[in-house]
Amino acid sequence: MKYDKKVFIKLFLSTFQLSACTFGGGFVIIPLMRKKFVEELHWIEEQEMIDLTAIAQSSPGAIAVNASILVGYHVAGVIGALVTVLGTVLPPLMIISVISFFYTAFRDNVIVDMAMTGMLAGVAAVICDVVITMGKSVFQKKRILPVAVLAASFTAVRFWAVNIILVILVCAVIGAIDTMYQSKRGGAAL
Amino acid sequence: MIYLELLWSFFQIGLFSIGGGYAAMPLIQDQVVDIHSWLTMAQFADIMTIAEMTPGPIAINSATFVGIQVAGIPGAVVATIGCVLPSCFIVMTLAYIYYRFRELKMVQGILAGLRPAVIAMIASAGISLVIMSFYGEKNLPVDLSGINVVSVIIFAVSFLVLRRWKVNPVYVMLGAGAAGVLMYSVI
Chain E
3 MKYDKKVFIK LFLSTFQLSA CTFGGGFVII PLMRKKFVEE LHWIEEQEMI DLTAIAQSSP
63 GAIAVNASIL VGYHVAGVIG ALVTVLGTVL PPLMIISVIS FFYTAFRDNV IVDMAMTGML
123 AGVAAVICDV VITMGKSVFQ KKRILPVAVL AASFTAVRFW AVNIILVILV CAVIGAIDTM
183 YQSKRGGAAL
Chain V
238 MIYLELLWSF FQIGLFSIGG GYAAMPLIQD QVVDIHSWLT MAQFADIMTI AEMTPGPIAI
298 NSATFVGIQV AGIPGAVVAT IGCVLPSCFI VMTLAYIYYR FRELKMVQGI LAGLRPAVIA
358 MIASAGISLV IMSFYGEKNL PVDLSGINVV SVIIFAVSFL VLRRWKVNPV YVMLGAGAAG
418 VLMYSVI
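If you read the protein sequences in the order shown, they are chains E and V.
For what it's worth, our numbering labels the leading residue of the first sequence as 3, then goes sequentially.
For what it's worth, our numbering labels the leading residue of the second sequence as 238, then goes sequentially.
Any given hint could be a false lead.
[Claimed, not checked] Simulated crosslink set (DSS-like; lysine-lysine; CA at most 27 angstroms straight-line):
hint, chain 1, residue 1, chain 2, residue 2
1, E, LYS143, V, LYS403
2, E, LYS12, V, LYS403
3, V, LYS403, E, LYS138
[Stated by the list, open to error] Negatives, chain E to chain V, calculated, CB over 12 angstroms:
hint, residue
4, TYR5
5, ASP6
6, LYS7
7, LYS8
8, VAL9
9, PHE10
10, ILE11
11, LYS12
12, PHE14
13, HIS44
It is worth saying that the hints were derived from the structure and are not from the lab.
Ideal placement from N, C-alpha and C gives every residue a C-beta, glycine not left out.
Bound-form chain E, shown alone:
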């Protein structure tokens, strides 16, 4: 397939900008990507974004890198994925390269520390916001099962420190059984 050069440039710039702003690691990239690719560019659907998060989370490697591979692949195939990986790794590569020459000064800098403490509070708010936005869709279905799965997985991850991969596998099985049960009854699935 042939893609417009503009798509690659847009993919690169988007992931570069997002990666440069993912302080706090891991899931922070998800709300940023959601805003960019779901709300602004409409390249990805809301539900699809959650699916991609599940894949990114259960694959080896950094969530940010995995999520950008998925987005790049969806928008522009293998080349798209390579472009988004490049966009995602370049900011940390450049920033750490520069910092590594004076890292003790950076680590002990008071202003940097103030900015980081402030930013951590902002990041926490960003994550809480996206959880509410995404969580609404679960409650709007007016079915007990998704809400129960949400509550049970939360308890398992939060309070019992159950392995995330295990939680994902169990929920996949629950989803499969539910689909079989629903189609036997002739009703709509989840």
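Chain V: place on chain E using the hints.
Okay, now just chain V, sitting in the frame of chain E:
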């Protein structure tokens, strides 16, 4: 050859760190401090601190840092490539499978079962971040009075701005950083 060693070490880190971020830390320590002695334990602690202070995944940040210490900028590039290679192969395969089969009813059912779990995981990560931000440690302390008021204010304003006006999260994060510098300078 040092480049191949870097590539292989970080390839293993990329391959076996499932669950991202903090899951990668012990693997990195094992490869970088224990097996290859590329960094001392003190340097490793430094890079973990810096990785948390700078954007980007911890594994990529430490790949760059270790690469530079061991073999300069080319070392950093090689280590980073090693780190993302396993993701590229595995995630692209999964992406292919996902887009090929997601229309199937069964696959849709499975994905529908997963979605609440994914949201629950992000919620849990979010709560950890809130506690970290308010109390400076991972778990809620016994004494709740040591709360960081500045962080609470920044959190509340950021949250309001996000919910009410749907501001781009990037600007909210940068604004929160600037607010931190301003408010702590005044105090």
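Do the hints match the structure? See the list:
| no. | hint | in the structure |
| --- | --- | --- |
| 1 | LYS143(E) <-> LYS403(V) | holds, 24 angstroms |
| 2 | LYS12(E) <-> LYS403(V) | holds, 22 angstroms |
| 3 | LYS403(V) <-> LYS138(E) | holds, 16 angstroms |
| 4 | TYR5 | holds, 16 angstroms |
| 5 | ASP6 | holds, 20 angstroms |
| 6 | LYS7 | holds, 22 angstroms |
| 7 | LYS8 | holds, 21 angstroms |
| 8 | VAL9 | holds, 17 angstroms |
| 9 | PHE10 | holds, 16 angstroms |
| 10 | ILE11 | holds, 19 angstroms |
| 11 | LYS12 | holds, 16 angstroms |
| 12 | PHE14 | holds, 15 angstroms |
| 13 | HIS44 | holds, 15 angstroms |
The structure agrees with every numbered hint stated previously.
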